[in-house]
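Trainee: Protein sequences, first through last, are from chains A and B. For the first sequence, my numbering begins at 10 and goes up steadily by one. For the second sequence, my numbering begins at 216 and goes up steadily by one.
Misleading hints may appear alongside valid ones.
[As the list claims (entries may be wrong)] Simulated pairs of lysine to any residue, SDA-like, Cα-Cα distance not exceeding 20 Å:
#1 B:Lys-246 - A:Lys-155
#2 A:Lys-194 - B:Lys-417
#3 B:Lys-417 - A:Tyr-191
#4 A:Lys-111 - B:Cys-269
#5 B:Lys-482 - B:Ile-507
#6 B:Lys-248 - A:Ser-14
#7 B:Lys-419 - A:Met-188
#8 B:Lys-252 - A:Tyr-12
#9 B:Lys-417 - A:Leu-32
#10 B:Lys-248 - A:Tyr-191
#11 B:Lys-417 - A:Ile-30
#12 B:Lys-417 - A:His-98
#13 A:Lys-111 - A:Met-188
#14 A:Lys-194 - B:Lys-419
#15 B:Lys-246 - A:Phe-195
#16 A:Lys-155 - A:Leu-227
#17 B:Lys-417 - A:Phe-195
#18 B:Lys-417 - A:Leu-189
#19 B:Lys-252 - A:Ser-14
#20 B:Lys-395 - A:Leu-32
In short, the hints are calculated from the structure, not lab data.
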Amino acid sequence: MTYTSTNPLLANLNNLYLEYIGLIVLLSTVGVLLGIAGHFVIIGPNAKRLGKLKPEIVRLTPFERTAHFVRMLSFIILAVTGIAFALFHVGTLGLSYVAAYKIHLVFAALFTLSSLNSIFIWLKDSIFKTYDRDWFKVMGGYLTRKEIHPPSGRFNAGQKAFYWFSTFFSILIIFSGLMLAYPGKFGLNSLLWASVLHGISAIGLIAGVIAHAYLGSLANPGTIGTIIHGKVSREWAKNHHPQWFEEIEQK
Amino acid sequence: MRKHFLISSLLVLVLGLILSGCAGNETNTKKEKIDTKEVQQMSAYIGTDACITCHSETGQGFAMTSHAGIFKSLDQYNTDFKQMVNVWDGATKENPATKAINLEDTYGVMMDSYVVGNIDGFSQELYRVASLEKSEQGYELVAASLKDYNSDGIQDWSAKAYSCAECHSPGLVAQGLGIKNLEPGISCETCHGPGSIHAQTKRKEAISINQNACITCHTLGQPSETEDGSSLIAENHYGTRNWFASDHYTSGYVNCLSCHTSHEVNKEGSMLKGDNFTENCASCHKDENFDIEEIMWKNPTDLHDHVTRDHSFGAIPYEKIGDNPETKEVEITDPKIIKKLKSLIK
Ligand code: HEM
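The following block holds chain B by itself, in its conformation from the complex:
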């Protein structure tokens, strides 16, 4: 009996020494430079649910952002998706295939409007199989587009190629290990990269925090040139309009995350630092009083509201660009502005 007590008290001592020795300078991480990019190439995706087991606060913040809602699952609508429809491959001109599908078997809904799915035997990977239309009762299912394929006088459902995945449902087109764990829409790993090794080792060097993550979807917005080269056109999806022309960008001191948050919303529900526009600017420009409609103008004729507010912060004012308010796009016809933009784009 006494021997046993001796042994166990010795063990307690040893264990205590090990634990205290380790805890002593815990903040001193091992001196080791880790190549984050290479480590992530060998990591697998584990999915948002896995990340938020440890980062629950970030998860709660992220869920409030509009990023979390760009692609929703079918069960978030009270629409009945359980219906068989015969769809035609609208992405090919010659001999389009046709197939009866159950709309319940689709991946989900993009921006509350496109019902996106994969159809076996069709020419493309992803299709906009149907659309949701907002009605008084909620959302109603309609065809993505209609066309009489078999000339029987009845309009058939045409499934259209879905080319918006890269930004509107990155989880559907991600490549690599563990993609089955990804949600179709934006997930933690869309911006941070695959995180299995980070989650297993808790090493921060095994996950990236890429300040440029935003630009992959909120593109720098290069306007296209008209055929005769005389003017530029900014189409609907014009990205972060004129950001590269702003003093903020050229100063090199300010980036998207100087003003925006990555996974938090303010009182107004937008991903902006500060409770509103005024407060946001005031954090750096104490004495100036900006008018948002003027300095961050919107295309007044944009039908779909797809275009981000101007981010040139005064470098390219709306009145100066020579837009034709009659047309949907924003035409840039002023030679001085064109020269400025062209020299900046290169």
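For reference, chain A alone in the conformation it holds in the complex:
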């Protein structure tokens, strides 16, 4: 039987990762938050008037909202405990390693379920259409103070992009996490890959989700209700998602 060592390339990558993980976590959280604050001050919320209208059309079903809520809650808990693991600072949370680890595993299972669910139920709405090109041309109007409403289906092109981004990293983080939960089942190199990829996908997701949460709340008044009571106003739908609005009007 030959002896296994670590692949030198992987080991170097891993050492870089370890060296900069603190900095990367800082940039991906504080950096994105600063970017958001900048956007809020310079450009501000998009179409404020749409936030004051009465929500009447159902946008997200209770099932969609439950899946999203579980995914959101478990993600936040996973992110907090996960960052504590990565920085070896579990004690700062006032938890023992074992307790934090158990919490992480329970919410990882919930995250897995809710993510796979969300991925399935929103797949159809997230396939890119030709008119999405026009949305990207003006970046959804997010980079200007003028109120622009480019074409958009049930989800706009930016949301579709976030769907695929979060799908990719969710699957990556779920698989690598599963491996790390059973270290006895895998080779040393596979585990080390898993460790690095788990960290990188976590950082990607954290940065992406912070931006996503901003776009779904402060940046677009009238939107946050969709994940609470599920409804939006007719005007909101007509402006933000014209193609989708036509579709439901025809029904």
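Given the coordinates of chain A, assemble chain B with the ligand onto it according to the supplied hints.
Mentor: Same frame as chain A, but now just chain B with the ligand:
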């Protein structure tokens, strides 16, 4: 709606299968032989704080041992280190450099006595910049040594080369990745080696438990020969005195960790298995009654108490070695003992 429920119950099923399949024979680790040494060469140090996030009990035990206190940070003393002093490079004879330094910028204190630091522009890496002296109020800062360098009639502070780091502050001289994470004194990774890959993968094969870890500092203690070769001298730092001459060592069955612990203290606060000497020996020698002062003698004339008790366990009794009690060192003048030691050292 019904479709959704179908999908999610299917997902629960799949997930349950994955989880239970994995949990089934968790104890069966993957058949893979890992080269611990090579893996550790590519690992980085992560520091004691990181190790004890998972090994908190070991961390608590370790903190009680005297190993944890061999090199302390400045804030553990109520002495005011915030003072500028002009120190001279006592490690060079010709044109010694001089520099004003703030004692607050030093690394810490070794064995409650040496204040150790690095001085930019001086010839050596590490210096004993000052000393602490125990007084009634606590500890007082004094010069490591004094000398009038610029012949102005005033004694100047001389920083002396610090050569004790290897054993008394291994964290200051460790090499490799992640050394910034190491405490200056003894840390987990001083004995276990760098542990980043172990911590990330939880594989026990990625960290070493080296039964010989103790000998690197508690050396086997070879006495030096006097110039005329007629006798041997055991200096202050004589290591684990005469251990290699003991039946314990030569039997091959007993090592340091048969009697000592790696990170636990007993009721008396020492790193010994069993609550005291008698209990310790009794775990293997049920019917014998040893006297510690006799079978593990101390150099009665050692001024600084630096020398470990004799570990020859009767093979080299104090009365037989021919020591001159007037002098600090232990002289070994008895020809029979010298022959025995020399044949054992080789
Ligand atoms: C952290 C707090 C979060 C908030 C405040 C939030 C808010 C929202 C809102 C308001 C919507 C509906 C948008 C609309 O109706 O057009 C939404 C949709 C969605 N959320 Fe979240 N969410 C959060 C976390 C997450 C997380 C952790 C994930 C996945 C990792 C996620 C994935 C999605 C996806 C894929 C959609 C559909 C596409 C899209 O709107 O971009 N969300 N979220």
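Trainee: Need the status of pair Lys-246 of chain B, Lys-155 of chain A: alpha-carbon distance at most 20 Å?
Mentor: Status violated; Cα separation ~63 Å.
Trainee: Given the proposed pairing of Lys-419 of chain B with Met-188 of chain A, does the C-alpha separation stay at or below 20 Å?
Mentor: With a Cα-Cα distance of about 16 Å, the restraint between Lys-419 of chain B and Met-188 of chain A holds, given a limit of 20 Å.
Trainee: Given the hint that Lys-417 of chain B pairs with Leu-189 of chain A, test it: the Cα-Cα distance must not exceed 20 Å.
Mentor: Satisfied, since the Cα-Cα distance of roughly 9 Å is no more than 20 Å.
Trainee: Are the Cα positions of Lys-417 of chain B and Leu-32 of chain A separated by 20 Å at most?
Mentor: 24 Å, violated
Trainee: Do the alpha carbons of Lys-417 of chain B and Tyr-191 of chain A lie within 20 Å of each other, as the hint requires?
Mentor: Judged against 20 Å, a Cα distance of about 10 Å means the pair holds.
Trainee: Can the restraint linking Lys-252 of chain B and Tyr-12 of chain A be considered satisfied, given a maximum Cα separation of 20 Å?
Mentor: 11 Å, holds
Trainee: Would the hint linking Lys-417 of chain B and Ile-30 of chain A be met if the CA-CA limit is 20 Å?
Mentor: Holds - the C-alpha atoms of Ile-30 of chain A and Lys-417 of chain B are around 19 Å apart, at most 20 Å.
Trainee: Is the Cα-Cα distance between Lys-395 of chain B and Leu-32 of chain A 20 Å or less?
Mentor: 15 Å, holds
Trainee: Run the distance test for Lys-417 of chain B versus Phe-195 of chain A: straight-line Cα separation, threshold 20 Å.
Mentor: 11 Å, holds
Trainee: Lys-482 of chain B and Ile-507 of chain B were given as a pair; does the straight-line alpha-carbon distance stay at or below 20 Å?
Mentor: Status holds; Cα separation ~17 Å.
Trainee: Quick one, are Lys-111 of chain A and Cys-269 of chain B close enough, alpha carbons at most 20 Å?
Mentor: 13 Å, holds
Trainee: Does the structure keep Lys-417 of chain B and His-98 of chain A at a Cα separation of 20 Å or less?
Mentor: With Cα atoms ~17 Å apart, Lys-417 of chain B and His-98 of chain A stay inside 20 Å; holds.
The structure is inconsistent with the numbered hints 1, 9, although it conforms to all the rest.
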